Every structure is written in C-alpha cells, then in structure tokens.
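Whole structure, please, built from the sequences with the hints as guidance.
Protein sequences appear in the order of chains A and B. Letter 467 of the first sequence, counting from 1, is numbered 467 in our numbering, and no numbers are missing. Letter 452 of the second sequence, counting from 1, is numbered 452 in our numbering, and no numbers are missing.
Check the hints yourself; a few may be wrong.
Where chains are identical, the list cannot tell them apart; a pair therefore holds if satisfied intra-copy or between any two copies.
The calculated lysine-lysine pairs, modelled on DSS-like cross-linking and capped at a C-alpha distance of 27 Å, are [as the list claims (entries may be wrong)]: (1) 329 x 34; (2) 209 x 39; (3) 106 x 18; (4) 40 x 216; (5) 40 x 223; (6) 98 x 18; (7) 216 x 332.
FYI, nobody ran anything at the bench for these hints, they're computed from the structure. From a predicted model like this one, the values you see are computed outputs, not experimental measurements.
There are 2 protein chains.
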Amino acid sequence: MREEIIEKLNEVKAHITKIEELNKLSALAYWDMKISMPKKALEQRSNTLGYLAGEIFKLSTGKEVKGFLDYFMPKLDQLSQTNRAMIKKLKKEYDETKKIPEKTYKEYTIAKSLSEAAWEEAKEKNDFKIFEPHLEKMINFNVEFAKYYGYEENVYDALLNRYEEGMTVKKLDEIFGELKEGILDLLKYIEASNKNINRDFLHDKFKIKKQKKLSKYLLELIKFDGEAGILGETTHPFTLDLGNKDVRITTHYHEDDLLSNIFSIIHEGGHGLYEQHISDELIGTGLEHGASMGIHESQSRFYENIIGRSEEFLKIILPYIKKEFSGFKKVKLKEFYEAVNYVKPSLIRTEADELTYSLHIIIRYEIEKKLINKEIEVKDLPRIWNEKYMEYLGVKAKSDSEGILQDMHWSAGDFGYFPSYALGNIYAGQFLNQILKDNELAITELENGDLSYIDNWLKDKIHKYGARYTPEELIKNVTGEDISTKYFLRYLDDKYKKIYTPL
Amino acid sequence: MREEIIEKLNEVKAHITKIEELNKLSALAYWDMKISMPKKALEQRSNTLGYLAGEIFKLSTGKEVKGFLDYFMPKLDQLSQTNRAMIKKLKKEYDETKKIPEKTYKEYTIAKSLSEAAWEEAKEKNDFKIFEPHLEKMINFNVEFAKYYGYEENVYDALLNRYEEGMTVKKLDEIFGELKEGILDLLKYIEASNKNINRDFLHDKFKIKKQKKLSKYLLELIKFDGEAGILGETTHPFTLDLGNKDVRITTHYHEDDLLSNIFSIIHEGGHGLYEQHISDELIGTGLEHGASMGIHESQSRFYENIIGRSEEFLKIILPYIKKEFSGFKKVKLKEFYEAVNYVKPSLIRTEADELTYSLHIIIRYEIEKKLINKEIEVKDLPRIWNEKYMEYLGVKAKSDSEGILQDMHWSAGDFGYFPSYALGNIYAGQFLNQILKDNELAITELENGDLSYIDNWLKDKIHKYGARYTPEELIKNVTGEDISTKYFLRYLDDKYKKIYTPL
Ligand SMILES: [Zn+2]
Ligand SMILES: [Zn+2]
Numbered sequence: 001m002r003e004e005i006i007e008k009l010n011e012v013k014a015h016i017t018k019i020e021e022l023n024k025l026s027a028l029a030y031w032d033m034k035i036s037m038p039k040k041a042l043e044q045r046s047n048t049l050g051y052l053a054g055e056i057f058k059l060s061t062g063k064e065v066k067g068f069l070d071y072f073m074p075k076l077d078q079l080s081q082t083n084r085a086m087i088k089k090l091k092k093e094y095d096e097t098k099k100i101p102e103k104t105y106k107e108y109t110i111a112k113s114l115s116e117a118a119w120e121e122a123k124e125k126n127d128f129k130i131f132e133p134h135l136e137k138m139i140n141f142n143v144e145f146a147k148y149y150g151y152e153e154n155v156y157d158a159l160l161n162r163y164e165e166g167m168t169v170k171k172l173d174e175i176f177g178e179l180k181e182g183i184l185d186l187l188k189y190i191e192a193s194n195k196n197i198n199r200d201f202l203h204d205k206f207k208i209k210k211q212k213k214l215s216k217y218l219l220e221l222i223k224f225d226g227e228a229g230i231l232g233e234t235t236h237p238f239t240l241d242l243g244n245k246d247v248r249i250t251t252h253y254h255e256d257d258l259l260s261n262i263f264s265i266i267h268e269g270g271h272g273l274y275e276q277h278i279s280d281e282l283i284g285t286g287l288e289h290g291a292s293m294g295i296h297e298s299q300s301r302f303y304e305n306i307i308g309r310s311e312e313f314l315k316i317i318l319p320y321i322k323k324e325f326s327g328f329k330k331v332k333l334k335e336f337y338e339a340v341n342y343v344k345p346s347l348i349r350t351e352a353d354e355l356t357y358s359l360h361i362i363i364r365y366e367i368e369k370k371l372i373n374k375e376i377e378v379k380d381l382p383r384i385w386n387e388k389y390m391e392y393l394g395v396k397a398k399s400d401s402e403g404i405l406q407d408m409h410w411s412a413g414d415f416g417y418f419p420s421y422a423l424g425n426i427y428a429g430q431f432l433n434q435i436l437k438d439n440e441l442a443i444t445e446l447e448n449g450d451l452s453y454i455d456n457w458l459k460d461k462i463h464k465y466g467a468r469y470t471p472e473e474l475i476k477n478v479t480g481e482d483i484s485t486k487y488f489l490r491y492l493d494d495k496y497k498k499i500y501t502p503l
Numbered sequence: 001m002r003e004e005i006i007e008k009l010n011e012v013k014a015h016i017t018k019i020e021e022l023n024k025l026s027a028l029a030y031w032d033m034k035i036s037m038p039k040k041a042l043e044q045r046s047n048t049l050g051y052l053a054g055e056i057f058k059l060s061t062g063k064e065v066k067g068f069l070d071y072f073m074p075k076l077d078q079l080s081q082t083n084r085a086m087i088k089k090l091k092k093e094y095d096e097t098k099k100i101p102e103k104t105y106k107e108y109t110i111a112k113s114l115s116e117a118a119w120e121e122a123k124e125k126n127d128f129k130i131f132e133p134h135l136e137k138m139i140n141f142n143v144e145f146a147k148y149y150g151y152e153e154n155v156y157d158a159l160l161n162r163y164e165e166g167m168t169v170k171k172l173d174e175i176f177g178e179l180k181e182g183i184l185d186l187l188k189y190i191e192a193s194n195k196n197i198n199r200d201f202l203h204d205k206f207k208i209k210k211q212k213k214l215s216k217y218l219l220e221l222i223k224f225d226g227e228a229g230i231l232g233e234t235t236h237p238f239t240l241d242l243g244n245k246d247v248r249i250t251t252h253y254h255e256d257d258l259l260s261n262i263f264s265i266i267h268e269g270g271h272g273l274y275e276q277h278i279s280d281e282l283i284g285t286g287l288e289h290g291a292s293m294g295i296h297e298s299q300s301r302f303y304e305n306i307i308g309r310s311e312e313f314l315k316i317i318l319p320y321i322k323k324e325f326s327g328f329k330k331v332k333l334k335e336f337y338e339a340v341n342y343v344k345p346s347l348i349r350t351e352a353d354e355l356t357y358s359l360h361i362i363i364r365y366e367i368e369k370k371l372i373n374k375e376i377e378v379k380d381l382p383r384i385w386n387e388k389y390m391e392y393l394g395v396k397a398k399s400d401s402e403g404i405l406q407d408m409h410w411s412a413g414d415f416g417y418f419p420s421y422a423l424g425n426i427y428a429g430q431f432l433n434q435i436l437k438d439n440e441l442a443i444t445e446l447e448n449g450d451l452s453y454i455d456n457w458l459k460d461k462i463h464k465y466g467a468r469y470t471p472e473e474l475i476k477n478v479t480g481e482d483i484s485t486k487y488f489l490r491y492l493d494d495k496y497k498k499i500y501t502p503l
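This is the structure in structure tokens:
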C-alpha cells in the first residue's frame, strides 16, 4: 500500500511537471510577445498561445487527472502536508475547468476577445455604449460559471474563491466596510490639516539612461537575485514567473516622472522576490507559485508602500538619487518623504496614492458584487460609477474613458479579481505588525541600508511555502490571527497623521 | 475517395502544425536561453528543451504518422506537388527517427553531451587525448546510424543525405576535387602576384554603439523585414526561424574589428531573407523551412560574399561607414574592396577569406569520409589534420586547439554537415550565373543602392518554395543544370585575378 502510494505520487508529480512545463512555455511566449517579438508575428504567436492553452486544458482535465483524484482524495489523511496541498490544488483546478461545459467555454473565449476589442474601442472613443452589450455578456458568462462552480451564500463568492480561496461577500463586506470607514476618516483629517506639500522637484527631466541605472540599483538593494531573474520594459509593468530561478519583471520609463519607475520597480520586485524565494522542494507539485492573488499583492505592496515609501528606505536611496539627478540636489529627506506620500483623491486607480488606492478597489468591489447578483443594470454603470467616485473620493470624471472604462479587467471577464489589490494592503499591514513584534527595530534599522532582515523574514514565513497553504491558513500561521484590517489601518493612521499634522 | 483524401490531408496538416508549434517553442526557448535567460535557470531550461524534444519525437514517430504514411504513400501520384513534398518530408523524418532503436538513441544522447563537454575541456587544455575516446564513440554511433538509415554505395552517403538529400561521396569527390584544384591554382596565382594590399585602416577602434547603428542600416539595405524579424547579440552569430513572420538573427561586436560584424550581419541576413520569403501557403506543411543546409548556406554566402564583398555593394556602404567612423575618412573604394577581399591562407575556418574557406571544408570532408569508412584512425587525426593544412593551405597549427579541435561539430556527432558550407558556395555561383543570364546588369546596378532586383529574383526562384523541392530539383529548376563547380570557380577566377593582377 505504502509503495503503491509512493508510485502514484511519482506519477502525479510527473503529470504536474508536464503541465508546469507548458505553463512556463506559455509564460515565455507571452514575455517574448511583449518584449521582443516582431510585429507581424502576432497572429502566429496567438496561435501558439492558443495551442498551449489547449494542451494545458487537456492535461488538466483529462482522464489521468480524474484517476489521480479518485485515488488520492479518499487517502488525503495519509499524505504529507505538501502532498495533500498538491492534490487539493490539482482538484481545485480540475473542478474549475471541468465544471464548465466545453461548448460554453469556447463561446466564452470568443466573446471575451470581442469584448476586449470593444472595450479598447469604447475607451478610445469615450463611448460606453460600444462596450455595454459585451460587458453584459461577460457578466452573464460569469454568473453561469459561478453556478457551475457552486457557492454557499452569494453567487459572487464562487468568483472570489478563484482568486482568493475561502473569501466571501460576507467577510469582504465587513473588511471593506471597516477599511472604507478608516480611510474616509483619515482623508477628512488630512483635508482639514491644510498641510502644504512641496512636489516641485518631481517635475523635472530625468534621463532614461540614468533611470535604468537606478532600476538596477533598486533591484540589488531589495535583494532581487539578478542571476535568477531579468528586468524588461513594457508600458504596463508586470511580473512573470518561469520558475524560481527565472523570474521576470518589467517597468516603464517616463522622462518627466521619476517616481513611477521607482515604485514600479519596487512593486514588481516584491512580486519577484516572492517567486524567487519559493522552495525548490515544491518544484513539480504545482505549488511553486504564490498562495493567492491577494497574498501575492501583499508582498508587492509591502515592498512598494510599507518599505519603499518609508522614511528609512528613502534615506537609503536619496543620496543615490541626488548623485544622479541634479534637480534633487537640495532636496531634504523630509521633503522627499512627504512628496512621495502626498495624498490626493484622484480618478485613475493605477495612479492613486497609497491611502486612497483601496477606495478605488472598494468601489469596484461594490459594483461587481451587485452586477453579479443582478442588483444593478449595466446601462446604469456610468452613473453609479460617477456617484461613488463623488461620494468616496470627491472627484468627477470628465469622461467615461477616465471613469467606468479605465480598467480592462471586466472586458476580460475577470470578476472577483479586483478585491485582491485591497486584500494585499490589509495582509501587508498584518505582516508588518508581526515583523515588528518579532523585531521592533526591523523598520528603523532599514536606514542602515540593509534589507536582509525583512528579506529573510518574508522568505522564511511566507515566500518559501509557495501555494502550500491557503491564504487563510497562511495568515493564521504567520500572525496567529485571521484577516483583520486593524493593523493596516493603524499603520495608515500612524503614518499619515504624522505627515499631515495640522498646522 | 476524393473527399476522403481531402479529409486525411486536413488531418495530416493538423498533425504537422502541432509538430511545428513545438518546434517553434523549442526555437524560442533556445533563443531566450542565448539572449535573455538568467544564469541560474540553465538546468530548468535544459529540462524544458528536453521535454519539448521528447514531445516532438513522440509526434514525429507515433502511430498517427505511421497511419498517414500507410495511407498516402501508395497515393502519392494523386497529390499536388506541394502535398507530395509534404508527405515525403514527413516520411524522411519518420524514417530517420524511427529507424534508430530508442535504446541506442538514448545512449547516444548521453554520450553526446559527455562528448561535447570533453571537447570543450580538450580545446581549453589543448589536449586531444581528452576528446579522443569520445570522438571514437561519436563516429561509431554515426556508422551505426548510417547502417540503420541505409545507403547504396558508401556508408557516409547515409549521413550526407540527412543534410543534403541526394548527395553522395561519388558526387562530392568529383565536385570537391574540381573545387580544390581550381582554388589551389588561383592561390598559386595570387601568391605569385606579389600584390600588396593595405589593411591598416581596418586596425582601429570602432565604437559598438555605432556598429549597432550600422547593423540596422545594413539589414534595411538588404531588405530584411524588421517587422518580421529581430536582431540579437551572441558570441557566435546564428539564424533561427520561428516562422516566416518571426525570423531571428544574431551578430557579434568587436571594438577592434568592423568587418566581422558587417559580414556576420549580411551572412545571417541572407539566411533570414530566405526564411522571411517562404510562402504563407506552405505554413502547416512542414515545408516552411529551407530546402537543405547547402541551399540555405548558398543564400547566406550569396549575400555575404557575392553581394556583400562586391565592389558595387561596397560602393553603397562606404559613404555611410566614412560618415560614422573617422578612421575611414580617406579610404578609397578600391582600397576598401581590396582589403575586404584580401586572401591569406590561415588556420581557423570561421576566420577564413572567401577563397580559401572551401579548402577548410574539403579537408574536413576528406577526413570525415575516411573516419566513417574506418579508413583512418582517430588517434592519427592531429597528424592527418596538420598534414592536410600544410599541403592545401601551407599553414601549421601551433596547437591542436587551433587545429583538429577548432570546430565543435564532431563533438556533437554532426558528420555529413560540413560539406553544406562549400556546397553553399557552389550553388551560390550557379545562382549568380543564372541571375546574370536573366539580367546582365543585376550586379552592376547594385551600385545605385537598390537590392530589389536580387531580392525579388531570389524570392521568386528559390525562397518562396521553402522545402518544396529537394536541392537537386531546385538547382535544376532554377538553372536548368545539375550542381556544377564551373560557375563558382569562374566567379572566383574573374574576381581574384582582377584584384591580384601581377605587378
Ligand atoms: Zn502587483
Ligand atoms: Zn550560414
């Protein structure tokens, strides 16, 4: 019996390894498409990506996987923790893929590419009507999928669960309710403070060549392993994992904006460190990835905001920046710190400051939830969007392009994904609290220029486990608590009340 | 019946398309490994390449292919020319792969990687003994393979046939005999001429940045489509085809050598044009590649030598070079032309001039042929090599590293491949003759700076057909003759007797 299990485990790992090889190839083909591929190869590359998706689909839903699941599911308690997680993950993906009838999925794939194209056109022409019928379809597909996936309370739970296992509307309503209240209170405080923050030195010309040098410096500083990853350049920065020895991140360069590159590098670098630190032992288990979208985002946001926008970290990098960019010569650390943490409610999510960012997410969550529950209609979306932006952020979009049409997620049918970004902030706050419990000088001592403690802590507590734990298990293991907004809100409060001390 | 054939044709094309997708992915993974991949990913990437090779092997030798061949082989005369060529190519690859017992092939794969490593060590330590037993094994494997492949007269024919269908020792002995004689006669003439060629201006510093700009200029000039291909940088230049819309070439840059980059670009560009010009109609037939190694090399050498080293072409590029590199300011066209075509027998094949290059190949051919026929022994190779180099080229290697150990081909078991390089020269001479028959001003008018005529001629007569014809068929179709050394030798004679007019 024992021998039989070992043999079967080897078989299932060999099968997962094949799927992982195809996933890596798919990631590589995507990377190359964004970074190197010549223009005219687009159609051919789409065929290649389609071919790979089809092969991955076959391997993930075939008889072989069913055989493995039939064999292992009744024996889960005889398996090690890692092997148990491996089988559970295999099952989750099998179920998610297998439950959708092939015909429906094919229709969805076609509708999705039409929807993405329509969104692009609508955004360009600032005409929501062009996108409306497609968005309707994307919602209907997702409602149908949710029913196939199954759920206990809310139909939207089924979608949330794909990106954040165990997450529900019930929990999110509570968490996001607290978060919204806390942030809105702070915003009022900030507005009342009448504090003036100088950002003049940010409006300057910053040579791309020098920014590229800065990127390298930053990646080294945060301990991104340059021999196990590379940096590329794309309009929208992203991170791609081709295995823990080959992690690829991108950034963008704008000659009139230094901060955008800096914080893109640190953000994607945070994602990248997570992937690089995943234990070799997980290779071939399907667990050699992040635990969830929210946990992944917690790492990028921990680096970008909690570390990257801290006074201690800025103290490390300011001398370097002064040396390279003459406009910074007279900038004092406090000025730099305040400029970097300047709060101003705005229209575009991807350009939002640390504090108001989560409000953008909460607006999307509230809308998605109602859309999937058919409590609001697509045609009313521009109005609802604008009302919420006015209510929470006090800003009004001049056009739908910078309003309801600003994000591509819905056009691609990604419902349930947005909450990950705000969950990332919340988790990051909890991790910070725990780090400080373990070493109250962990952040203070950053100013010495050494990120080893943080790096090792995240690696040992979070990164190395990959997807071995669900987000719920992980946050409990690391902090002893369930998800809680307390620590992130406290962190925001401490930080921004100090910056925005009333005059 | 007709309908059945059409259906079966669709099936076989779908199958070939799968193989082509995997080939493209394999090419992409290789490209990325050479250009972008971080260092620590090497082991993982080797696994990926191994996985792909295994899948390609399965698809190329499986029951499905056997079924197609059983069905189509008796019906070849009912197929269109393209479909017939497609089935024949499928059969050639099936046979070549299938005839080797799997066990033997696996042993070979392992022996090969040991052999490659041993060669590298041997070359570095200048110790042929380290490589000797491995070379012995590579030869024995190839003799065994040749027997499995089958041949009519000479065991070496079976190996030649893999790279150049229809080629035999009998033909090559004749062709290479003529070539050797013609080149040796010319060499005597050149040596007797006592002509002095000034190459001083080639010894200078040429900024890499400017050389990179020059690469772009040259690729545009030869009409390489920058939207259907890219240029990379590697120590050893190569061309890789990911389909006719995605052709990748590389070059290398040496600050003290301008010509090396120029002629690498034009050489690989010639390979690249071939791939870019292959007709879309061949996609999915397995014929969307060059006709053979020799024909491919004829295109790169046609561009590199016949075009690239012509006075007319140099007249186009000299003003550009003068503008960019100050050391060229006073260089006259005639000086440039003579310096570029300077002949000097030397030790290293890859650095040889146009004239003596083929002698390097003939030496290798003569040795390979005898090795595979067991007429000479591996232990005697360094002596035989040095004797031949002394006899044909009048040069003596100071060490085996720059003698018998200089090329990696044999360490990788590639016997029968070397002749392609010289065949390329011979074919190129025949194509030149035909072009001039069609338009006697084709080369003369190059000096106007427009390569369209050449580009279109090669595309319409050769490139667009991909592998639809065997090399024998192609040369006959294009020139009305079989392979013949006459034209290449006449071209060499005309060119070099003019340059080396006796004083
Ligand atoms: Zn992120
Ligand atoms: Zn070549």
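Quick rundown of the hints versus the structure:
Taking identical chains as interchangeable, the C-alpha atoms of residue 329 and residue 34 are never at most 27 Å apart, the minima being 36 Å within one chain and 41 Å between chains. In this assembly of identical chains, the alpha carbons of residue 209 and residue 39 lie at most 27 Å apart whether taken from the same copy (25 Å) or from different copies (24 Å). In this assembly of identical chains, residue 106 and residue 18 lie within 27 Å of each other by CA distance both inside one copy and across copies; the values are 24 Å within and 20 Å between. With identical chains, the CA atoms of residue 40 and residue 216 are at most 27 Å apart between copies only, with a shortest distance of 18 Å across copies and 32 Å within one.
For the identical chains of this complex, residue 40 and residue 223 are inter-copy neighbours only, at 15 Å across copies versus 38 Å inside a copy, given an alpha-carbon limit of 27 Å. Taking identical chains as interchangeable, the C-alpha atoms of residue 98 and residue 18 lie at most 27 Å apart whether they share a chain (19 Å) or sit on different chains (24 Å). For the homomeric pair residue 216 and residue 332, the shortest alpha-carbon distance inside one copy (24 Å) is at most 27 Å, but the shortest distance between copies (45 Å) is not.
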